[in-house]
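From the two separate chains plus the hints, produce the assembled complex.
So the sequences go chain by chain: A and B.
Residue numbering for the first sequence follows our numbering, beginning at -4 and increasing consecutively.
Residue numbering for the second sequence follows our numbering, beginning at 3 and increasing consecutively.
Mixed in with the good hints, there may be bad ones.
[Claimed, not checked] In silico DMTMM-like links for lysine to aspartate or glutamate, alpha-carbon gap of 20 Å or less:
hint, chain 1, residue 1, chain 2, residue 2
1, B, Lys200, A, Glu144
2, B, Lys112, B, Asp90
3, B, Lys203, A, Asp269
4, B, Lys203, A, Asp152
5, B, Lys200, A, Asp271
6, A, Lys24, B, Glu156
7, B, Lys203, A, Asp271
8, B, Lys200, A, Glu317
9, B, Lys112, B, Glu85
Calculated directly from the structure, the hints in this document are not laboratory data.
Spelled out, the chains give:
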Amino acid sequence: MNEQVHPASASAQALLTVRDLRTWFTLRKWGFLHAGTVHAVDGVSFDLARGEAVAIVGESGCGKSTLVRTLLGLDRPTEGEIVIEGESLGTMDAAALRRLRATVGYVQQDPYGALPPFMSISKILAEPLRIHGVSDRRERDRRIRAALEEVGLTPPDEFLEKFPHMLSGGQQQRVVIARALILEPALIVADEPVSMLDASVSVGILRLLRRIQHERALTLVFITHDLSTVRHFANRVFVMYAGRFVETGAVDDLLDTPQHPYTQALLAAIADPDPDNAGRERPVPGGEPPSLVRPPPGCRFHPRCPQVMAGLCDREEPPAFEPRRGQTSWCWLHR
Amino acid sequence: MAEPLLVVEDLSLHYRTEAGILRALDSVSFELGRGEAVVLLGESGCGKSSLAKALLRLLPRNVAHHSGRVLLDGTDIMALSDERFRRDIRWNRISIVMQAAMNALNPVVKVGEQVAEPLLVHAGWKRAAAAEKAAQALARVGVAADFMDRYPFELSGGMRQRVVLAMALITEPALVILDEPTSALDLLTQAGIMNVLKRIKWETGTSFILITHDVGTSSELVDHVALMYAGQIVETSPARDFFREPAHPYGRALMASVPRLHDRADPVHIEGNPPNLLDPPEGCRFAARCAQRFAPCDREPPFARLAGGRRALCWLFDEGGRE
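So here's chain B without its partners, still in its complex pose (with noise of 0.2 Å):
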């Protein structure tokens, strides 16, 4: 088998807080190969957005642990200085649209000119050469070139979202990062950009990170889920199998609550919260909200091996549990 793009292991990161120490990421591991796509799927404090960051290397302040390897194209980038990580990976290899980040353009700086800005700051290209690239990418993201000359608040919502896709596309990074990159537009928008991600992920190879609560949205575009639940990766899986019949009970249970569109049953929706990652349960960290709880489930559980390259942090798939 090829060597995956990237290697996620064990990966932690906690942050200090005036309560206490935040477990944010407890020991998350997950590959992603070339010109695939990976869904981090998971509800809101589970921890998704603070492993996109761990990723780029973002982090605030606060971080009280942060450990683990991160492997790209076999080079563990979690070990680089931080000036060659910004020189060498950062936008050139790996790039990032932010949640909301079509609100975040410069409102005095032309939509040309920002989508450029990539080329000039980390490559090193020149301006004349870095506006005919980014007139490119955005006709790749479906924005003419007449918009070049505009300003964000001339554009709608769905036009920005699409300026700021360009931007993470322009230095042809190896992997894309999206953290919720529709959701906070309208349902026909949403199609539009979930179309030109299509586009992009067949025609270029690029490989894509996921970041989103939405079940349908992400089935749109990936090829495997890791589904994350309370700082955890608890089950990753083929799209093919995951999106059919999720293996982790909370898998199962959140399938369940999302409403579709020809269905007349009504979605059932998970009875409690998520706990607190201040002081996480010892055990299964959704056991107080599973119906299948049982008594192995107040211990930790393993990372068990399923059929077909699944995997699922629970006590159901372990020998060793039903004893």
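So here's chain A without its partners, still in its complex pose (with noise of 0.2 Å):
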């Protein structure tokens, strides 16, 4: 048997550390009736360091996006760590809460559902300094066009007094990346910050997002579902499915040698341009992600896999194993 490792080991400079964190939702019936338990989050464990970029992939309803809520602390953990900068965010109080909100920024996936219609772009990005105790006007005023001019919003006289509906969908991304940079934060959460745009305005918001996080020195945990993109802006993948990590790496490594099964099946799922492309068939693994109110005993991708191996897959939940140094996968296969 292969080694197994821990996936993440504890480090002195861990920006922030995650260990076996579940976040789980009650289903209730008329209101009150226990009806099941979603498992959105169940069992992920990881640590960031400085500086890192961190892609996040899956499908729908894999459970990434109640990971990155838990570590906003939109979504109380049921069950696990989140330890931010040495502080850990079970304990905290409303205060330390807010002092997080202060260190991590938050790009969401709709421009314009995440930005008030009926503010000015100079209000809403003076709402966050106001709320964290910047009350000198004028230095919050120098803060909002410094961050105006930092996500390419210039001159940002011609921005300020517009209204969120004035602006393009890449622009009003763009006001979105300043007020999540406005308050100065150590990590950077995106979901799916480009899932809504075309193509040609995607690579520029990607590519601002990734001149920002080195120009700072900030960690970046951003949500997709296009592996195709995270070449470009992530240092390390973590691939999850139906609430858990099946495999994690470093960007090349994962995409280049894929070790698993469903990590395999998603990389053979993308069409690059390619005009051979419309005379074969794609392989696709049949059926769909699992229920997370009743996921299935062993391996949560047996159901699917092709390469399940009966007796095992489908009733032993699979250990992290390293196949490859610096890659984790969890899958019987490796044993």
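Pasting the structure below:
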């Protein structure tokens, strides 16, 4: 048997440590009867070093959005521990949670939905500053202009008094990024930041995020379902399926030599522009992701896995294996 | 050469808005052969969805100008009366899968009944026969017969999209228009739907117009590419040529902006924004963002003919432009 590894070993420089995190939701019938539990995040552990860019990849309903909502303090963890800059999220009081929100910037998926339509750009950007105690008007103004310049909305005067609907989708997303940056956070969490945008616009947004991440040595967590962009914007990738990680690794390793059958299936489904695509069918595993109320026993991918081993994968949960150095895969094939 | 199934000639469509006349489509022309698929490829606001709606005459009330010809099997379907178009063309000869149609299924009607509906409404079938045909149509898109009695909310997004596809196919139309059929779906679901479409194209010889901004997905199905920009078709090429190397500078810039899985070079984004269609520039509409802009681009470019049946709306390929 290969050496089993602990996927996340504590490191002195970790900005963020997550240990065995579970975020469950209770389903109620008629408002009070227990009707089941959604295991949205079900045992996830990792460390993030300062300055790292990580992509969390998975399909709808795999728990990736719940994972970041938990990191942001928007959903309460059921079990497990989240430590940000040495402080545990579980023991934080209201004041500490407010400080946390200043260290973590959030870039939402739908920029138009994330910006209040009745507020001007300058008001939108002033709000976090006011909430977090920047009371000097001139100081606020200076920081708002600096943030607009940093995200490429120049000259700032042209944007300050506009309302969100007067901007293009790409410009709106730049405002959302400016708002996430304005309190100078240590960590930025971006939830599918470009899925609503056209390709030529989205590349500009992703490059902006990467440039800011480099210049400010920020830690960046970005959620995506699009594996073809991650090489350009992440150092590490976590692949998530049905509430758990199935594979993690450095971005080039994971994309070039995927180890887990689910990662392999995702990569095989990507269509790069190629005239030969039209002449052949693409291999796609049958079925659909499982219910998070009653996830399957054993490996959660086993009902769809082309390499399933009866008697093992459908019974025993696979532990973490390290089939290649630095690449962790939760799959019995590596035993 | 056999007569094409669909010929679109000089189609223009302008809308009246509070801010003025919006030129959604200007002199759009393309052809589609039987059993072939073409993609209308372009970004938000380029007019691709307006074109689909114009082909099916599903237009809003604020149309200011609508001209051109659309020939289906040689008949100008723009000239038909509304009643004849509704009876003979829409859904019987041309059907459409609207963008996000899977979210527009009736929540209180069983899946099987909804799939059968076009036969009952547009083709006058009897209920029992229509139900049988619906089961076949669902099987064709990979939905098991026991889904017939379920309601849409009981189905995943991918399954609902297959149901919508079955509805579009049930009358065996010659042409199916697919408006962003996979854009809201997950990767594996997308690939599954594209496999279904490929198989239908190979087995039934149905023609498709695919409307999308997704270059990679479009290469999964099509034989031809019609590239759209700011209300115009700026290039028509066989897919084989286009996906190797587009001719129009916008096509080249668009291809360079697409991230590829095994490409270490960064994608390059296109600076600037498309022009405002309330007041488009007089010359080439892409000129302001074009790396190869030169003097003639201030004038309206010709739809130049290139080798291999390609065409591009660009002065670079015109003798007159070089003088």
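Quiz item: Is it true that the CA of Lys112 (chain B) sits at most 20 Å from the CA of Glu85 (chain B)?
Solution: violated, 29 Å
Quiz item: CA of Lys24 (chain A) to CA of Glu156 (chain B), is that 20 Å or under?
Solution: Holds, because 17 Å separates the two Cα atoms, which is no more than 20 Å.
Quiz item: Has the given pair, Lys200 (chain B) with Glu317 (chain A), been kept, meaning a C-alpha gap of at most 20 Å?
Solution: Distance ~38 Å between Lys200 (chain B) and Glu317 (chain A) Cα, so the pair is violated.
Quiz item: Can the restraint linking Lys112 (chain B) and Asp90 (chain B) be considered satisfied, given a maximum Cα separation of 20 Å?
Solution: violated, 27 Å
Quiz prompt | Pairwise hint evaluation, Asp152 (chain A) against Lys203 (chain B), where the allowed Cα distance is 20 Å at most | solution = Violated, at about 53 Å.
Quiz prompt | Lys203 (chain B) paired with Asp269 (chain A) [C-alpha distance capped at 20 Å] | solution = holds, 18 Å
Quiz item: Are the Cα positions of Lys203 (chain B) and Asp271 (chain A) separated by 20 Å at most?
Solution: holds, 15 Å
Practice problem: Would you mind confirming whether the straight-line C-alpha gap from Lys200 (chain B) to Glu144 (chain A) stays at or under 20 Å? | Solution: Given pair Lys200 (chain B), Glu144 (chain A) is violated - Cα atoms ~47 Å apart, limit 20 Å.
Self-check item: Pair hint Lys200 (chain B) and Asp271 (chain A), alpha-carbon separation not exceeding 20 Å
Solution: holds, 12 Å
Checked against the numbered hints listed earlier, the structure breaks hints 1, 2, 4, 8, 9; every other hint is satisfied.
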